[in-house]
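Colleague: In case you want the letters, here they are:
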Amino acid sequence: MELLGYYNYWVFAVVLCLGLYTVITRNNLIKKLLGLSIFQSAVFLLYITMDKVDGGTAPIIQKGVSDPIFSNPLPQVLILTAIVVGVSTTALGLAIVVRIKESYGSIEEDDILARDSEL
Amino acid sequence: MTILFAVFLLSLLVIIAVAIIRAENLFVALMLTTIFSLLMATNFFILDAADVALTEAAIGAGITTVIFLGALALTSEHEKPFVAVPWLALPVVAVTAALLIFASFDNPRLGDPEAPIHQHVVPWYLEQTPKLVDIPNVVTAILGSFRAFDTLGEVFVIFAACIGVLFLLSARKPSETRCTAPASVGLSQHLIPKVAGRFILPFIILFGFYVQFHGDFGPGGGFQAGAIVATGLILFALLEGEERALRAFPRWIMMAMAAGGALLYALVGVAGIAMGGKFLDYSVLSSDPIAGQHLGILLIEAGVGITVCGSLLLIFHAFAARESF
Amino acid sequence: MNLNEHLAALQIVVPLLAVPLIALLQLRRMAWLVATLTSLMAFAIAVAMTVGVLNGQDYQYFMGNWQPPYGIELRVDALSALLLLVITAASSAALLASYHSLDTQIEPRRHALFYAAWILALAGLSGIAVTADAFNVFVFMEISSLASYVLMAGGPDRRGLPAVFKYLILGTIGATFYLIGVGLIYMMTGTLNLEDMAQRVTQVADQKPVLAAAGFITVGLALKAAMFPLHLWLPNAYTYAPHVVTAFLAACATKVSLYVLLRFDFLVFQDNLVSHPLRFASLLMPMAIFAILIASAVAMFEKNIKRLLAWSSVAQIGYITLGASLVTVSGLTASVLHIFNHALAKGSLFLAVACLAMRLPGLQLRDLAGCARSMPWTFAALVLGGLSLIGVPGTAGFISKWYLISALLTLGAAGVALVAVIVIGSLMAVVYIWRIVEQAYFQAPSNPAAPAAEAPLTLLVVTWVAVLANVYFGLQPALPLALSSSAAAALMGATP
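Protein chains in written order, with the working numbering: chain R, 50 to 168; chain F, 239 to 563; chain G, 121 to 616.
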């Protein structure tokens, strides 16, 4: 049971690395962006894991409840920001991919490199 | 019981991540990513982060998927078979994983109430929020007041993405790929989505407004509300086609929303200086500091919601309209 | 209402307020005007704060009037003041130059959005320099990164698009690594305010997560700062970006990441990690040496002027990290000084390239033959900027290399070997600058498309102001020297 308390951190590490692996190895630019969003989501899990307190509830103060235990609100605030950052990066990355497709006719990295060296 | 459920969900998360990597059809991979986001949102909910769960569901699973779909329509959904041998990637990834797992053994255990982050700073927030800001949702209090400067930055992040997408997708297409595709008519020829969509549309918008104004008391706030309202309007555009959607809700209104919301937020901050306080100091906005805080948070949350909604709509339409550009 | 008290906040708020206005303005000259005025105003604020800092004032600002560590604190000391000067000056000069230069590269109807992104980049970079909160740094880092991806993707060459995509991927990985590092250290200390963090890290008994945090933060920021061997995104991104954008971002973008790295390593980790100085030095110093030698060597064989200068930037970042890796006050002084002086040299060189590109858009070295005759002022600026880059006495580049060498010589025998590296690096700089000079001055004109006239006057004036600043700060280095030595003392002051 003691080790289960670390399970979240391991899943964070594994998912993070799966995302990173996708970004580095895949040729397809959209697949790279999918990997990037998995990679970023893993970090959300790290932050939200820290906020949990045994027996706690969401940090919303209710009148009349004596001695409540709240989970930590601060990591939640930070991750709200990080989620918005994630969607912004993805949107911008996709806009670049669309432009690449229009000017190169492909979204595979090796095709693009090959087409540039033709010149 | 909960912990077993959490372990089950987390394991599922890993399995889906592997499936995303292995999927060769990008559409399939995208759908799996959406499931991944929803699972992530469920995990957040189990870990007591209701606000984050709502945001991840609305933005991570909702809006991100729609933008990806828009980009897939403009590119292609097939990935070339994977051939390269990952000589570089494997060691990099292995070192990262090893470093993280090495570090994890000294991390505080999940749910440990003695962890440093529960001892410092946050107790102050929990104790002082009722006295200084007096709204029940502590997350909103931190987001809107204690760390309002981060949130201001966040609004400009999404605005930057919106400006960037508009800038990139307003470039002229290379001549050979230019086409004059007929403007899309959406799903207006399909009866079932049309009827069902029209039926749920008002409820989505209504729910968006509820989330906006209920953010002080429960999970929710400007980001989630902006994303939900934007989703509703995107659904409208999908049902009726680009042209009609843009006629009903033209681009300049969206741009005015995106810019206006950001401006509103920054001006609330400047009002703090003008009234003799610091930037983003709401206490001076009214004679009663707590009323000032309420007013400030209400205004900046409105600014956030308006900008998020406008920016996301502009981003969606930039992709959707590119085909016939 | 005393504005002086609010200067730190206004440094970011003024540009942020201007962004929505510029985005709404559809008239391109108006957009340019508002952007330039905003940037000049930001420069004025930076100058005012520098004067204050030199007079011993410490700018501290509590956002929303919440005490740190509960609220977000802004703080301007000598190091941030120097950075702010570099950022706002580079932005203002490049914006003035963009009046002519941008028309040839971006369609006029897209200018308003472009300038909005520019001011966002300005706000983001200054935000990083001003804030004293680890997470706030991340937010502004993202604003500046997103905006700079947009700016760099604006160039007309399609090869710019894959280059920016690569930058976006690597930049996001870098920022996310930074976020992981901040998360781990927050987990162990419970605070995000840098100063509070520095105090509380000492009490952390289990060091593994802090060690991992140091690793992630260093690697993430090294990626953003294009530190060798993590520089792969830089040469192409700089080459295909619009010329004025290269002038702006080459002067300050990577340096801002270095700034955060210095802050974190010296203020937070130095005291608290066992044998941190040794680890820091043994990681950074080899990377710096390789950067100087390999990147300069690559620059010697480049055929495109912009790419040549971009590779030289990678080498120059090596000089900056070499100084920091000594972990001494004199080393850090040289390092911070070189941030300032390299920004001057590279900024004016890229401005001169923008002048050149007005008449010779290809920017290939072989097309330069004999061009110095028709564009004397442009080439004179290129030569002077080049001399400063090499480090010839009388230019700004000399001062920082001088300080770097004297810092190295205190090390004894190892120092002499490192001085040899610097000398070899400078000789290679002589070679790559000479290649430009030789083509332009000593070859017969062979290119039928050779330029017939000088660049537009405003562009030349801006370039020459930047070039003369190199000479001025080479002869009168008091201002940057005062700032960098007090910054170095403050950074090292954290170590007893």
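Honestly, the hints are just simulated from the structure, not real lab data.
Just to be clear, a hint being listed does not mean it is correct.
EDC-like, lysine to aspartate or glutamate: derived pairs with alpha carbons at most 20 Å apart [to be verified]: (1) R:Lys150 <-> F:Asp344; (2) F:Lys318 <-> R:Asp160; (3) G:Lys423 <-> G:Asp487; (4) F:Lys411 <-> G:Asp487.
Chain F side only, calculated, beta carbon under 7 Å to chain R, not exhaustive [claimed, not checked]: (5) Ala255; (6) Val266; (7) Met269.
Since the model is a prediction, treat every value here as computed from it, not as a measurement.
By construction, the Cβ of each residue, glycine as well, lies at the ideal position given by its N, Cα and C atoms.
Colleague: Now look at each hint and say whether the structure bears it out.
Modeller: Now for the hints, and whether the structure bears them out:
For the given pair, Lys150 (chain R) sits about 46 Å from Asp344 (chain F) by alpha-carbon distance, which is inconsistent with the 20 Å threshold. Taking the CA atoms of Lys318 (chain F) and Asp160 (chain R), the gap is about 10 Å. The hint holds against a cut of 20 Å. For the given pair, Lys423 (chain G) sits about 10 Å from Asp487 (chain G) by alpha-carbon distance, which is consistent with the 20 Å threshold. Pair hint Lys411 (chain F) plus Asp487 (chain G) does not hold up; C-alpha atoms about 29 Å apart against a cutoff of 20 Å.
Contact between Ala255 (chain F) and chain R, as hinted, is supported at the beta carbon level, the nearest pair being about 4 Å apart and thus within 7 Å. At about 11 Å, the closest approach between the beta carbon of Val266 (chain F) and any beta carbon in chain R exceeds 7 Å, and the interface hint on this residue is violated. For the restraint placing Met269 (chain F) at the interface with chain R, the shortest Cβ-Cβ distance is roughly 11 Å, beyond the 7 Å limit, so the hint is violated.
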